[in-house]
Amino acid sequence: MKNLIRFIINNDFFLTFLLIQIFCFTLLFSYNPYHRSYFFNSSNVLSGIIQEKHSNITEYFYLKHVNDSLIAENERLRNQIEKYRREEIPPILSSGFSYIAAKVVGISVNKIDNYITINKGKNHGVYNEMGVISSNGLVGIVISVSSNYSTILPLINPQTKISVKIKKNNYFGSLSWIKGEANYGLVTEIPGYVQFEEGDEIVTSGFSAIFPENIPVGNIVSSEIDPTTRFHKIKIRFNTDFYNLHYVYLIKNKNFEEHNQIISELEKKND
Amino acid sequence: MIKRRIFYIFFLAISVLVQVLIFDRITLSSVFLVQYYVIFVLLLPFNLNKYSVLFLALLSGLLVDIFNSTPGLHSSAIVFMGYFRNFFLNIYSPRDGYDQNKLPGIQSYGTGWFIRYSFFLILIHNFVLFILEAFSLENFGQTLLKIFASTIATIVFVVLGNIIFFKRNK
Chain F
1 MKNLIRFIIN
11 NDFFLTFLLI
21 QIFCFTLLFS
31 YNPYHRSYFF
41 NSSNVLSGII
51 QEKHSNITEY
61 FYLKHVNDSL
71 IAENERLRNQ
81 IEKYRREEIP
91 PILSSGFSYI
101 AAKVVGISVN
111 KIDNYITINK
121 GKNHGVYNEM
131 GVISSNGLVG
141 IVISVSSNYS
151 TILPLINPQT
161 KISVKIKKNN
171 YFGSLSWIKG
181 EANYGLVTEI
191 PGYVQFEEGD
201 EIVTSGFSAI
211 FPENIPVGNI
221 VSSEIDPTTR
231 FHKIKIRFNT
241 DFYNLHYVYL
251 IKNKNFEEHN
261 QIISELEKKN
271 D
Chain E
1001 MIKRRIFYIF
1011 FLAISVLVQV
1021 LIFDRITLSS
1031 VFLVQYYVIF
1041 VLLLPFNLNK
1051 YSVLFLALLS
1061 GLLVDIFNST
1071 PGLHSSAIVF
1081 MGYFRNFFLN
1091 IYSPRDGYDQ
1101 NKLPGIQSYG
1111 TGWFIRYSFF
1121 LILIHNFVLF
1131 ILEAFSLENF
1141 GQTLLKIFAS
1151 TIATIVFVVL
1161 GNIIFFKRNK
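For the protein sequence lines, the chains are F and E, in the order given. Per this note's numbering, the very first residue in the first sequence carries number 1; after that it's consecutive. Per this note's numbering, the very first residue in the second sequence carries number 1001; after that it's consecutive.
Pulled out of the complex, with its shape left as it was, chain F reads as follows (with noise of 0.2 Å):
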């Protein structure tokens, strides 16, 4: 007992660097995105005003890019009335869906753990698990609300999984990023059979309640078959630039209780 104290008198200044590290790791290792650990977030009142500040100003340097993005989203989006005008379709089966426009404040693409911040939350509407998406394709899920903003788990970060298929013939798989590879995904549990292309449309699959069916993901750039499993492994290339991200859409599904509630009695009766 007196060596020990002795020692702890000695090594004071070693033992204190310990404390502080066994600080860090417990931080390090019990933070989970999906827990709303409310401070060490991008979505914190902190971070998120000098992060919206910042972008404030630097948006002027992107206007050219976000004005022709914004005209081709214009331009689909009048093709798209002109159809429906033109095949007289019954006003649209209302599909539940609504959408929220909100800014890009804070993105990281080099890391490991990529998270998107945006400058919307509770008091606008915003609630956990709402499907993200970009004026291209699928971006992410919401994962942490703020009051003024939120925390956006993107297809970059290796925690992400979504359900997808492929457009042709509605083979569905699960999405996830290949680590490192910024704009690269990798869809698996295609059976090994399934005929497709390089450049075929990779969409949502409509399972979930967060995304609605059909949003397009990206294209097939090149695909293996997985020789233990004879599963697919396709290669694809996001539609969503995440270099160049700057405006987003967040999903709102008005039937999003009531799917989770059928979901959930499903559950509780298997048990």
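All clues given are correct.
What follows is a list of derived Cβ distance ranges for each label pair:
#1 I1115(E) <-> D200(F): 48 to 56 Å
#2 I1115(E) <-> V194(F): 51 to 59 Å
#3 E73(F) <-> I1002(E): 51 to 59 Å
#4 T228(F) <-> A1013(E): 47 to 55 Å
#5 Y60(F) <-> F1055(E): 36 to 44 Å
#6 A1149(E) <-> K167(F): 38 to 46 Å
#7 D241(F) <-> D1096(E): 53 to 61 Å
#8 L63(F) <-> W1113(E): 40 to 48 Å
#9 K167(F) <-> G1141(E): 35 to 43 Å
Note that these hints are calculated values from the structure, not bench results. Computed from a predicted structure; not experimentally measured. The beta-carbon is built from N, C-alpha and C at its ideal position, and this holds for glycine as well.
Please arrange chain E on chain F, whose structure you already have, making use of the hints.
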């Protein structure tokens, strides 16, 4: 004394802001990741006691972590660096010791001394940071490349920052 404290509070704020608003958003390459905020711990005064160095390092790391949603990651790395700071200061100390009134920067002991002193510290920081971030031996070569490339990039910008920030003290 109070004046110096206020100066260091500003210095901390600016170092962290430059890190999170500029260098964390530059996407030139995925291996040259500048960790500019280490300049704060590198340039703390000689006579500051070593416990304060540790806690100030922790503070700067936590601030960077909050902006990146990576609690504990940068903190752990920079506290490692703070722990070894005295060791490397002693190794490269001049024969008659440091002048306690000066800062451990280029303006006091020259660029060569500063690069020698900061190289291993930044290397330790980047080593802990990128190993913890990857947390696997998968793509270990890529991680090593990242560590060395980022160390060199960081030194370049820290030296520039030092020259710009402390011009007056010359």
